[in-house]
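Model the full assembly from the supplied sequences, consistent with the hints where possible.
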Amino acid sequence: MGAWTVRADARRNRSAITTAALRLAGERGEAVSMEDIARAAGVGVGTLYRHFPDRRALLEDIAVDTLRELIEATRAEVGRAPAWEALLRVVEHCVSLPLALIKSLLTDEPERPELPELEAEANALIAELAAAAQREGDLRPDVPPAEVVRVLNVAVCRCGARVDDHLTRVLLDGLRARKR
Numbered sequence: 001m002g003a004w005t006v007r008a009d010a011r012r013n014r015s016a017i018t019t020a021a022l023r024l025a026g027e028r029g030e031a032v033s034m035e036d037i038a039r040a041a042g043v044g045v046g047t048l049y050r051h052f053p054d055r056r057a058l059l060e061d062i063a064v065d066t067l068r069e070l071i072e073a074t075r076a077e078v079g080r081a082p083a084w085e086a087l088l089r090v091v092e093h094c095v096s097l098p099l100a101l102i103k104s105l106l107t108d109e110p111e112r113p114e115l116p117e118l119e120a121e122a123n124a125l126i127a128e129l130a131a132a133a134q135r136e137g138d139l140r141p142d143v144p145p146a147e148v149v150r151v152l153n154v155a156v157c158r159c160g161a162r163v164d165d166h167l168t169r170v171l172l173d174g175l176r177a178r179k180r
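If you count by the numbering used here, then the sequence shown holds residues 1 to 180, one letter each, in order.
None of these hints come from the bench; they were simulated from the model. Some clues are possibly wrong.
Pair by pair, the computed Cβ-Cβ distance ranges are [to be verified]:
| # | residue 1 | residue 2 | range |
| --- | --- | --- | --- |
| 1 | Arg50 | Arg150 | 16 to 26 Å |
| 2 | Ala81 | Arg39 | 18 to 28 Å |
| 3 | Arg169 | Glu35 | 33 to 43 Å |
| 4 | Val151 | Pro113 | 23 to 33 Å |
| 5 | Ala124 | Gly174 | 18 to 28 Å |
What you are looking at is a predicted structure, and each value in this text was computed from that prediction instead of being measured. Ideal Cβ placement from N, Cα and C applies to all residues, glycine included.
Set out below in structure tokens:
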């Protein structure tokens, strides 16, 4: 077996591990075990630990990738009109991500220093969308954009969040400007 095959197998295993961890973290949050992740990835626990020295390292790796994906998706929406619709697309994207996990990782001191920076960048982009929606008259003008981000965090940074669940709908309805 050549070195190329080993590296390809290692890349496939790492990808399977992070994909399984991402899915399970989205479903179960921080409670997901390494054994469950290994089983869902179709690898042994030893293989998992060769790629990630501990559970925290795996979860922070997923958090970094997730925040980068969210930033990319949000950047694609900034400047699109109507801004309210762009904001709703970001919310819809957010509920598919393990944001509850990321919030829990950020309550402690993360080992990866870029985590708080990525969170701040994502929040700033979402606040930019909120400000644009306010200028267009679709989002309540009496809620500062940074507070809109905090409200949206309540909606999307929890296990099982959906764009059509009661909490998310009520919060979005509360942010929507009333047309006169």
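Here's how the hints hold up against the structure:
no., hint, result
1, Arg50 with Arg150: 16 to 26 Å, "violated (40 Å)"
2, Ala81 with Arg39: 18 to 28 Å, "violated (46 Å)"
3, Arg169 with Glu35: 33 to 43 Å, "holds (36 Å)"
4, Val151 with Pro113: 23 to 33 Å, "holds (27 Å)"
5, Ala124 with Gly174: 18 to 28 Å, "holds (22 Å)"
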